[in-house]
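Taken in sequence, the protein lines are chains V and B.
The first sequence begins at 547 in my numbering and counts up one residue at a time.
The second sequence begins at 547 in my numbering and counts up one residue at a time.
Hints should not be assumed to be uniformly reliable.
Since the list can't tell identical chains apart, any single copy or any two copies may satisfy a pair.
Pairs of lysine-lysine residues, derived as DSS-like cross-links and limited to a Cα-Cα distance of at most 27 Å, are as follows [what the hints assert, rightly or not]:
| id | residue 1 | residue 2 |
| --- | --- | --- |
| 1 | Lys644 | Lys775 |
| 2 | Lys785 | Lys775 |
| 3 | Lys775 | Lys705 |
Quick caveat, the hints were computed from the structure, so don't treat them as lab data.
Number of protein chains: 2
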Amino acid sequence: MQVVIIGSGNVATVLGRLMVSNGHQILQVWGRNALHAATLAAELNAEAITDINAINTEADLYLLAVTDSALAEMASQLWLGDKLLVHAAGSVSLSVLKPASTRYGVLWPMKMIRKQMQTLTPVTIFIDGNTEEVMKELEALAAEFSDTVSRANDEARAKMHLLAAITSNFTNHLYHLANHYCEAENIPFHLFLPLIEDTVSQLRVSHPREVQAGPAFRNDSATLERHRKLLAQYPDILKIYDAMTASIRREFGWEPQN
Amino acid sequence: MQVVIIGSGNVATVLGRLMVSNGHQILQVWGRNALHAATLAAELNAEAITDINAINTEADLYLLAVTDSALAEMASQLWLGDKLLVHAAGSVSLSVLKPASTRYGVLWPMKMIRKQMQTLTPVTIFIDGNTEEVMKELEALAAEFSDTVSRANDEARAKMHLLAAITSNFTNHLYHLANHYCEAENIPFHLFLPLIEDTVSQLRVSHPREVQAGPAFRNDSATLERHRKLLAQYPDILKIYDAMTASIRREFGWEPQN
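Hey, can you work out the whole structure from these sequences and the hints?
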């Protein structure tokens with residue numbers, strides 16, 4: 547396909563790169579920042595533009611990859627007729643694209659994307675479209691980038707976004723807190739990588755309920771108190787420790803459910 | 547080495563199996579439950595005993611692998627002279643073994659061990675001993691089972707135990723909560739496995755601070771409110787959502803630190 551990329555950030559860069567490596571041709575890269583647009587355009591062998599009115603209207607696909615909060619306003623400045631227009635944002639409605647085209651959709655890679663990535667995998671890509679034909683076309687495109695492609699409308703995508711926050715952002719924050727503690731106490735954080743990787747690998751074979759362990763799960767109050775004492779100098783970590791402990795205890799019947 | 551295993555549960559089974567596969571000979575398996583002792587002894591080609599006074603006192607190594615709360619009392623019933631005695635519990639003091647031998651230590655695989663495991667890896671094993679010679683001996687033994695062996699005295703082991711709870715038990719609980727939500731909302735949990743695995747794989751190359759993402763990190767209150775609405779029917783998950791969000795916001799300066 548011939549593609550115009552509107553945006554020059556992380557998502558524009560990585561999706562553009564993947565399109566090129568899958569045989570698509572990038573005609574133009576638009577960027578508000580001329581240097582960013584020129585840099586990405588050079589990598590993708592495309593023309594750099596900074597004037598939204600200079601967009602080539604003969605491409606097959608327009609990827610609108612600007613920050614979430616700018617999507618609606620950018621779309622309102624475009625009119626692409628029946629050319630396929632997509633955005634790549636998990637938490638933005640499909641309908642923001644309606645002013646700009648009669649055929650529009652979403653292709654959301656559920657991953658934190660950074661410029662230096664050469665590949666997206668492993669990743670689940672969620673797609674949506676304003677017609678069945680658009681959805682089929684985006685499913686085929688997304689399948690070039692990932693083995694795991696799934697449909698999700700606005701409401702479903704909002705739920706996926708929530709689940710991504712819980713399973714990725716929150717777990718990463720726990721690693722961050724543990725890393726803090728390790729740095730303060732001179733403990734090598736890498737000692738915990740085998741345990742962390744093992745915990746995750748269980749998800750492919752077991753329900754999380756079956757592998758829950760630890761003092762809160764066992765209602766082992768002596769160990770819970772010992773852990774709390776070790777956190778006396780870390781009130782932020784202690785708050786999380788108490789919240790997670792209470793939640794595990796509710797889950798396994800040691801405390802009443804809400 | 548010639549080994550006597552006192553216990554017939556998960557840790558006794560898996561460590562016993564690893565010892566046999568590394569060329570050690572298991573002389574006896576003691577178990578309070580005759581059937582459990584006989585089953586494990588048969589697998590390890592050892593004698594099953596249920597009388598603690600029937601223990602062969604000529605072995606090189608005695609592995610005391612009973613439940614944490616029974617360790618001290620079991621040790622008080624043994625006298626092994628200068629035979630090496632070890633327990634495998636993270637949160638129990640080395641000193642509980644003092645009444646039973648002049649040479650004693652700890653070999654703690656930091657992992658949730660279940661009978662069906664044929665291998666321990668990936669795992670970090672922490673060892674301790676009452677003398678330098680015991681520590682060296684246990685380091686060599688642990689190195690047969692894992693590439694990652696580290697020393698940790700009682701105090702250090704308590705900190706490792708806390709960090710294991712944060713990085714493994716708490717993250718698993720987050721997967722459990724997400725799985726609940728998926729089951730209730732008819733969302734396939736497996737869609738999140740690529741994201742979860744990717745989040746963990748970042749730990750080998752980046753500091754967790756560098757890869758933190760999500761609405762709390764960005765101070766994106768519109769998305770936070772949308773997520774909270776999606777959790778209205780899930781008060782237990784909402785509590786955790788709020789606690790984690792507050793902690794991330796404190797961490798990245800959107801809320802005052804404690």
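Up to 27 Å between alpha-carbons, please classify Lys785 paired with Lys775: within, between, both or neither. both (13 Å within a copy, 23 Å between copies)
From the Cα coordinates, with 27 Å as the cut-off, is the pair Lys644 and Lys775 best called within, between, both, or neither? between (57 Å within a copy, 26 Å between copies)
Have a look at Lys775 and Lys705 and pick one of within, between, both or neither, based on CA distance no larger than 27 Å. between (37 Å within a copy, 10 Å between copies)
Violated hints: none; the structure is consistent with every hint.
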